[in-house]
Amino acid sequence: MAKKHPNSQAPAANEGSNLKGTFIMVMILGILMVGSWFGAYWLFISR
Amino acid sequence: MHLHKYEKIWLAFGMASLVVFLLVIGFAAFWKGTHPQSSLDMIDQNNIEAYDNFKPENLGLQEVADGKYKVNIVASTFNYDFGVDKDEKPVKTIRIPQGSTVLFTITTKDVVHGFQVAGTNVNMMVEPGHISRYETVMKKKGEYTIVCNEYCGIGHHQMFGKVEVY
Amino acid sequence: MEATERNLQLFPKKDARLYMSFMYVTFTSLLVGGLMGLLQTFVRSGRFTLPFNINYYTILTVHGVILGLVLTTFFIIGFQFALMGKTVGISDKQRMVGWISFWMMLVGTVMAAVTILVGQANVLYTFYAPLAAHPAFYFGLAFVIIGSWISAFTNFRQLYVWKKAHKGEKSPLLAFMVVINMLMWVIASLGVAIAVVVQFIPWSLGMTDTINVLVSRTLFWYFGHPLVYFWLLPAYMAWYAIIPKIIGGKLFSDSLARLAFILLLMFSIPVGFHHQLTEPGIDPTWKFIQVVLTMMVVIPSLMTAFSIFATFEITGRRKGFSSLFGWFKKLPWGDVRFLAPFIGMVAFIPGGIGGIINASHQMNALIHNTIWVTGHFHLTVATTVILTYFGIAYWLVPHLTGRRLTPQLNKLGIIQSIIWTVGMLIMSTSMHIEGLLGGPRRSAFSNYAGGAQVDTWIGYQLAQAIGGTILFVGILLMTYIFIKLAFFAPKGVEEFPIAEEDTDAQKTPKILENWYLWVGITIALIAFAYTIPMIDIIKHSPPGSVPFKFPIGRS
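Protein chains in written order, with my numbering: chain A, 1 to 47; chain B, 48 to 213; chain C, 214 to 768.
Some hints here could point you the wrong way.
The calculated BS3-like cross-link candidates involving lysine-lysine, where the alpha carbons are at most 27 Å apart (straight line), are [as the list claims (entries may be wrong)]:
hint, chain 1, residue 1, chain 2, residue 2
1, B, K52, C, K458
2, C, K463, B, K55
3, C, K723, B, K55
4, B, K79, C, K463
5, C, K542, B, K55
6, A, K20, B, K55
7, B, K52, A, K20
8, B, K156, C, K543
9, B, K52, C, K752
10, C, K458, C, K543
11, A, K20, C, K723
12, B, K55, C, K720
13, A, K20, C, K458
14, B, K55, C, K752
15, C, K723, B, K52
16, C, K532, B, K55
17, B, K52, C, K762
18, C, K762, B, K156
Examples of chain B residues lying across from chain A (beta carbon under 7 Å, computed) [stated by the list, open to error]:
hint, residue
19, Y53
20, F60
21, A63
Just so you know, these hints were derived from the structure itself, not from any lab. The model shown is predicted, which means the values in this text are computed figures rather than measured ones. Ideal Cβ positions, reconstructed from N, Cα and C, are used throughout, including at glycine.
All chains should be built: construct the whole structure from the sequences, respecting the hints.
Spelled out as structure tokens, the structure:
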């Protein structure tokens, strides 16, 4: 059965939450952002 | 208010990226002079010939120095006036040697137009009463279509020209 | 529980009727505007010409005005009224004022639409001077804008009355968000209202001879960028406060959601120059300052991305999925109320990144007025925003009509979302590529001067026609679903899914509701970003422009 979340009762509700997956997702998004931007910048410079 | 540790890292990363973008384009703009087209020169759109660049004999391509050219253009619905050739026929294609520096100067006699040499960074709005100009180096050989890329009326898509870099 | 009960409590009939009226206009607009979009992609493929001498730019104007201004504004106001009704309530008087707003906007819409359809306003939805449409077009626009203000002030009043009755309590999150969006809308649309009422109407009537073109454009874009945030914020409302409920979770953070909305209010307005980056007559330093402010408006969206993923992860983990991405697999993929907005969220990743590129000062020359821009906003507004609106409609419409989203309709909705995704992927991607290759937007089919470059563009335009056709099938399906939900689905109670806070959530700081402070900062930022360049523009004005009618086919 579901493991009881140990931190859901903590006062700072989300602090103890395991957000590793979230972190990986947003960092992928961030890398996409930086990559695309420099790609476009390179195209601008090369023209 | 409380931020999760990972959210702090994420926001720091995101904001740092934005700062880097701004530094890159800011440096290029203010130190290297690659601002987007922002000419502040004005003109009376009802009397554009009072301005030297737009006298009929000065339209089209002119070599100003070795490897340096200027192109003067008058936009109007639905045409770019690049001057006339030897046979008094309107010029439609501008031929420029590869590697030359070209200054495009353009204004409009009537409504708002666009001026883009597709495939290059020459891309500017052309507005009544204002002069737009952009200087660039034509780095690569090829044929580039000039398009009016701001809607100027029902013949908008018939407003074009061509640049040939040889 | 009280909140759950409220979610299942249907509106009184007279309230629901007002909210539904906005939905009827929304989905009628979808069908009309969508048909125009289909025809445009056909024309641009070069294989099709419009019958009955209809002009390409007439249908392009209809498409932009009906989808960009009418569909969005009607949906937003109807949805927001429903949110206010649910969270803070509506009085008889407020409902009546709501009706006045509705009719005023509808009259304006019909005026503008008829003027366009008879060919007297081929000016596109940006109506740039000195192209001169028939005055009825500008009057129509003015009615739509002023009508929408009436709704805005009704919403302000609704929250004010609730606050008076609930001293010391924080306002309901969704009501807070609605008020932020409407504040932004009123402050921003003042710009376009001034342009229309002070510049365009007298000029088109012949009461003034000339118009200041650059001033009118600057006023338009002062409004034009917050306009896109006005579309986006209702989607954010759903992402923050509705989706968590649908996936069986709680709000991630009430305070962070409010903070994101406050940042959006402050930074969506003083950024209009990033639409005018390649224009003459504006000092490039001021352009750059607004580019910096534009980057600031990215921050609340970065926060939103984190909040959404975190909501998913926390919800999944509470349900017992402990592996790194186990929570992701177990999201309710079969529930269209989740799936459609989720696809919208995904589309906002390339949409948002594209936006950052567009706003990057000199880099704007790469894509300005190319069809890349069209591809960009078909990701942002025509995917992110509209799929979220559809996701809302799947429960809002049956909640208003006292019907249910049946499993069959849910399935059709899922098919609709997939059709939309496929169609948009084809159309938007080919628009982005063609734009980078220099292909222009807002143009009928043309071979231009011919040559290899133009041939490449036409290839991508064919792909756009295929994508456009798929999208139109999606629109037909959506219209069918809407009609079913409005008139034929079985009677019942569909939940109005508003998420709740965790019982142990942190208290929301009071300062987040200090309206004077946030509106004050907003106005100060606008004053900072616009005062000096606006004075410059007015002081260094060329002669004004007379109205030009012949270019748009008016005699």
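The hints, checked one at a time:
no.: 1; hint: B:K52 / C:K458; result: 25 Å, holds
no.: 2; hint: C:K463 / B:K55; result: 21 Å, holds
no.: 3; hint: C:K723 / B:K55; result: 22 Å, holds
no.: 4; hint: B:K79 / C:K463; result: 51 Å, violated
no.: 5; hint: C:K542 / B:K55; result: 26 Å, holds
no.: 6; hint: A:K20 / B:K55; result: 13 Å, holds
no.: 7; hint: B:K52 / A:K20; result: 11 Å, holds
no.: 8; hint: B:K156 / C:K543; result: 62 Å, violated
no.: 9; hint: B:K52 / C:K752; result: 50 Å, violated
no.: 10; hint: C:K458 / C:K543; result: 15 Å, holds
no.: 11; hint: A:K20 / C:K723; result: 31 Å, violated
no.: 12; hint: B:K55 / C:K720; result: 20 Å, holds
no.: 13; hint: A:K20 / C:K458; result: 22 Å, holds
no.: 14; hint: B:K55 / C:K752; result: 45 Å, violated
no.: 15; hint: C:K723 / B:K52; result: 23 Å, holds
no.: 16; hint: C:K532 / B:K55; result: 26 Å, holds
no.: 17; hint: B:K52 / C:K762; result: 60 Å, violated
no.: 18; hint: C:K762 / B:K156; result: 15 Å, holds
no.: 19; hint: Y53; result: 4 Å, holds
no.: 20; hint: F60; result: 5 Å, holds
no.: 21; hint: A63; result: 10 Å, violated
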